[in-house]
Amino acid sequence: MKGMTIIVKKTTQLIAGMIFMYGIYVIVHGHLTPGGGFAGGVVIAGSFILVTLANGGDFMKLLKEESGTTIVESLATILVIVIAVSGFLFGTKIFFNNFLPKGIVGHLVSAGVLPLYNIFVGTEVAASIFIIFLSLIIFKEESKG
Amino acid sequence: MLLYFYSVSIQSLDVLGKSSLRMAKHYIEGATQKTGSANLVTGVVFDFRGYDTMGEAVVLVTAVLGVLTILRIKGKK
Numbered sequence: 383m384k385g386m387t388i389i390v391k392k393t394t395q396l397i398a399g400m401i402f403m404y405g406i407y408v409i410v411h412g413h414l415t416p417g418g419g420f421a422g423g424v425v426i427a428g429s430f431i432l433v434t435l436a437n438g439g440d441f442m443k444l445l446k447e448e449s450g451t452t453i454v455e456s457l458a459t460i461l462v463i464v465i466a467v468s469g470f471l472f473g474t475k476i477f478f479n480n481f482l483p484k485g486i487v488g489h490l491v492s493a494g495v496l497p498l499y500n501i502f503v504g505t506e507v508a509a510s511i512f513i514i515f516l517s518l519i520i521f522k523e524e525s526k527g
Numbered sequence: 002m003l004l005y006f007y008s009v010s011i012q013s014l015d016v017l018g019k020s021s022l023r024m025a026k027h028y029i030e031g032a033t034q035k036t037g038s039a040n041l042v043t044g045v046v047f048d049f050r051g052y053d054t055m056g057e058a059v060v061l062v063t064a065v066l067g068v069l070t071i072l073r074i075k076g077k078k
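Protein chains in written order, with our numbering: chain A, 383 to 527; chain B, 2 to 78.
The shape of chain B in the complex, shown without the other chains (with noise of 0.2 Å):
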């Protein structure tokens, strides 16, 4: 049965790589009058992808307090 599906997907599918250029042509046609930035990688990261700058930066402080936490209970003998 996994034969049969291999030989399917192999006739239908792309080529390797062809398609994840989609995306990256949506992005870059008109971000610049869409975001009005003249860099587009901080047009990117803080506009189109902003949720995944806000959950990096929620990691950072959690990184914070895991030391501060660690370091406070060896700290005191």
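Next comes chain A alone, as it looks inside the complex (with noise of 0.2 Å):
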């Protein structure tokens, strides 16, 4: 797919940074200001797809980048149930346990286990957007030559 002229590649390399660090703030300040993982990871989807779009690429490296998104999204999946088991081994025998210790409230490290879920339903999330759009984009190539 053809990228497009040589403004919109510089303004998208400077804006597509921040959009990425607001949203890993959405992310792990889930258990303190409204967001959390799912609304935080579309926004990290949308800086990947912003750069995409903007560069082009060819069909190989889309295919490339393909194989290694899915890769994360299974292992982000893995994760989180991973997690949800552990409640298990430590402390009392319920699923979803929540076994951390729950620090001061509003402070950044507290919740018990909260953060580590937005983090990675955040990447699941993320990984998920990001693979719908090349899917599709892939097929119109693969159709049209």
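The reader is advised that the hints may include incorrect statements.
The list that follows gives simulated cross-link-like pairs (lysine-lysine, PhoX-like), each with its CA atoms no further than 25 Å apart [claimed, not checked]:
| id | chain 1 | residue 1 | chain 2 | residue 2 |
| --- | --- | --- | --- | --- |
| 1 | B | K75 | A | K384 |
| 2 | A | K392 | A | K443 |
| 3 | A | K522 | B | K75 |
| 4 | A | K446 | A | K526 |
| 5 | A | K526 | B | K75 |
| 6 | A | K526 | A | K443 |
| 7 | A | K522 | A | K384 |
| 8 | A | K443 | B | K75 |
| 9 | A | K446 | B | K75 |
No wet-lab data here; the hints were simulated from the structure.
Make one complex out of these two single chains by using the hints.
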């Protein structure tokens, strides 16, 4: 797929980093401010889509990116379930137990397992949205040539 | 027979909408101390109802698998 003109490329080089950092902020502060895992994941996927659309890419590079992103998505889903199951091993035998210490309300490191959940679910959602976008572009390229 | 059960239920059940706030009161009352998070929505979604959130993440993975399968079959002609 063809890239865009040089003005668009330079603008997205300036902006895409800030969008990525804002997405990480929304995910990590999921237990203090509104947002959380799902909304932050979509913001991070938006920054990746912006870079891909502005710079274009030939067919082989897109295929390699897609095969790497499916691995990231599967690993994030497995880690969500591993954290949920490890409530069995520590403390009382409850599925989804909140076993890490709950600190002072309002600090960044508090609320037990919740920040870890937010980070892994956000990574998985970002990878999912990016995979759907890439597979639609690859379908268009394959059926054209 | 349906009319008999209808008349019994009108007299003995609560007013429409009153009994649905019982669970909400139990969730909100001690949520900040029990989960330790300042955001009540995240505390309910990930701590009290964590099973449903795990199911939702799995549904997202299934949707991605479905999209990949359909587009691979249609692409190779």
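How the hints compare with the structure:
1. B:K75 / A:K384: At roughly 23 Å apart (the allowed maximum being 25 Å), K384 (chain A) and K75 (chain B) satisfy the hint.
2. A:K392 / A:K443: With Cα atoms ~21 Å apart, K392 (chain A) and K443 (chain A) stay inside 25 Å; holds.
3. A:K522 / B:K75: With a Cα-Cα distance of about 11 Å, the restraint between K522 (chain A) and K75 (chain B) holds, given a limit of 25 Å.
4. A:K446 / A:K526: Since the Cα atoms of K446 (chain A) and K526 (chain A) sit roughly 20 Å apart, the hinted pair holds (cutoff 25 Å).
5. A:K526 / B:K75: 12 Å, holds
6. A:K526 / A:K443: 17 Å, holds
7. A:K522 / A:K384: With Cα atoms ~13 Å apart, K522 (chain A) and K384 (chain A) stay inside 25 Å; holds.
8. A:K443 / B:K75: With Cα atoms ~21 Å apart, K443 (chain A) and K75 (chain B) stay inside 25 Å; holds.
9. A:K446 / B:K75: Since the Cα atoms of K446 (chain A) and K75 (chain B) sit roughly 20 Å apart, the hinted pair holds (cutoff 25 Å).
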